[in-house]
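S.K.: Kindly generate the complete structure, drawing on both the sequences and the hints.
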Amino acid sequence: MANALATRKRTIILLALTSIILITLDLQNSSVVSGLRSLFGTVFHPIESVARVVTRPIGNTWHGIADYNNVIDENALLKQRIAQQEGATIAAAASVRLSQELLALNGLPTLAGINTVTAQVIGDSPSNFSQTIEINQGSKSGIRVGMPVLNAAGLIGKITKTFADRSVVMLITDPDFALSVKVVNSPQKVTTTTIARVNPATTSPVIPVDPITSVPDAATTTTTTTTTTIAGFTPSVTTLPSTPTGVSSITIPFASELAVRETGVIEGRGPSRQPTVRFIDNSLRFGEIEAGAPIVTAGGSRSLAPPDILIGKVSRVIERLGSAGPVLEIELVADLSNLSFLRVLLYQPITEKTTP
Amino acid sequence: MNRLILIIASRWSRLVLVLFLVLSLQTTVFADLRPFGIAAQVVLLFVVCAGVSFGVSVGAVVGLIAGLMYDFVLTTPIGLGSLALGLTGATAGLLIYFYPNPTWWMQVVAVAAVSALGEIYFPLAQSMVGLDGWLQFRLLKVIAIVVVVNVVLAPGVLFISRWTLSERKNPI
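Protein chains in written order, with numbering that gives the first Met the number 0: chain A, 0 to 355; chain B, 0 to 171.
These aren't lab readings, by the way, just hints derived from the structure by calculation. From the three backbone atoms N, C-alpha and C, an ideal C-beta is built for every residue, glycine too. Be aware that one or more of the hints could be misleading.
[What the hints assert, rightly or not] Listed next, the stretches of chain A that the computed footprint assigns to chain B, with coverage defined by at least 3 CB atoms under 8 Å from CB atoms of chain B:
#, region
1, 4–10
2, 29–42
3, 46–58
4, 169–181
5, 303–317
[To be verified] Here are some chain B residues pointing at chain A (derived, C-beta under 7 Å):
#, residue
6, N1
7, T27
8, A30
9, L32
10, S56
11, G78
12, G132
13, W133
14, V141
15, A143
M.R.: Printed below as a string of structure tokens:
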């Protein structure tokens, strides 16, 4: 009896020491630990798949009981939103296409040039202390650790583990998540006055205009345009070539009217709190950040995500004393509680790419 | 050969096989059914039940093994869950240490109390290796739901843990 107790004590000590050694090795990204994890994943995956199939009816029953009313409400809301969005989508698609063409023309990177893999969410995190999901695409599809993951709305996280045919995605809300971002500070409401010779017969539309007060004159038209800025978009008034004399008039916005961008780092704070952006420079040029300013990925040679992927908008600005810049609370555009189909951008920064 | 059969027939081999099943339930059905957004922790419950039924030593060993297996499916550093669940199992085993023949309600109370402690150990262990940010008010909600679910499931899991870890007659 005493012998068995001594053996058990030795076992406990051995296991505890093994745990501590494994923690140390794993925190230093040891390949041995990664190999062990991968091996366990290979052994465990078939068992998990069988359990998933067997327990699916239980899950369906539960969701049928618990979420039925929510689904009905959500369905009605979504139908309403689809109707609202249909018109806007066409206009937005045209703008995006134009923007991509301009970026390509100037040799700037665009999302259109990056291959993607569509994946389905197959599981949530089993723990209450990590914000991860599992998707059904892995290294066989070209997915690597660090690649950004998006849904239809915007960025939702990044790949943290890959297996042959599945991957683990760390969501933006996980406290371990950090990514460099840009805050696009909207300029103030501007009033542009454009005086141009216009032939009334060939007047081109002026976009965006709200409202237009046009006083026709025999030879000269004075147009006063009050431009209500859309967050994240640079206001500019462009009059297309229309004068019979062949003189075109293009109004180029002043530098002060352009949207100002500042970089910071977005960090998750758990599922019950909004992520924050820190390290924003408190510069005069950047001005005051207002709620509603969009947050997009910063990009760069070391960033894991390409530039200009939408993440969310500023919901609250927390000012800090001294020279420390403000902390921004971010309302994500993606609904992380309801993820189904996702896109993994097969993007690796230049610094991570291995030369053949 | 006889030694190999003894090892295969031992309760520890049985434990690993049962833990595979428990872990598969944890990563599938219990990760999916989230009452109030919180995942029930059936691996934790199994460890607590083992500790409550067999004492400190068995509870600690079961916790360390179950935690190690759980670590392999989580994204947190391997060994962290092992230490947290090992400590949880040992804590649960204190019931037998103080009350060698506990009544059923003592076991239920112990399951509830140690489940709550187990849910605190894990974020504490995370904080110790620099993965902080989980010790927030949400933890109270997590504890409340995990405790309620564990108390409901405790009778069944107590039975399974006893069946798994009971010493059998020598097969040879």
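S.K.: With reference to the structure, classify each hint as holding or not holding.
M.R.: Verification of the supplied hints:
Remark: the region 4–10 of chain A is confirmed as covered by chain B, as 4 of its residues place a Cβ nearer than 8 Å to a Cβ of that chain, reaching the required three. Check result for the region 29–42 of chain A against chain B: holds, 5 residues qualifying (beta carbon to beta carbon below 8 Å, three or more required). Chain B is given as covering the region 46–58 of chain A, and this holds because 8 residues of the stretch bring a CB closer than 8 Å to a CB of that chain, at least three being needed. Only when three residues or more bring their CB closer than 8 Å to a CB of chain B does the claim for the region 169–181 of chain A stand; here the count is 3, and the claim holds.
Interface restraint, the region 303–317 of chain A with chain B: violated (0 residues with C-beta to C-beta distance below 8 Å; minimum three). Violation of the interface hint for B/N1 is found here, the shortest Cβ-Cβ separation to chain A being roughly 20 Å, above the 7 Å cut-off. With its C-beta approaching chain A no nearer than about 5 Å, B/T27 sits inside the 7 Å limit, and its interface hint holds. Interface restraint check for B/A30: the shortest CB-CB distance to chain A comes to about 4 Å, inside 7 Å, so the restraint holds.
Checking B/L32 against chain A by beta carbon gives a least distance of about 5 Å; that is within 7 Å, so the hint holds. With a cut of 7 Å, the hint placing B/S56 at the interface with chain A holds, because the nearest CB-to-CB distance is about 4 Å. For B/G78, the suggested interface contact is upheld, since its CB lies about 4 Å from the closest CB of chain A, less than 7 Å. With 7 Å as the threshold, the beta carbon of B/G132 comes within range of chain A, its nearest partner Cβ sitting at about 3 Å, so the hint holds.
About 5 Å separates the beta-carbon of B/W133 from the nearest beta-carbon of chain A, less than 7 Å, and the hint is met. Interface restraint check: B/V141 against chain A, minimum CB-CB distance 5 Å, threshold 7 Å, status holds. A hinted interface residue such as B/A143 counts as satisfied when its beta carbon comes closer than 7 Å to some beta carbon of chain A; here the least separation is about 12 Å, so the hint is violated.
Going down the numbered hints, you'll see the structure goes against 5, 6, 15, while the others check out.
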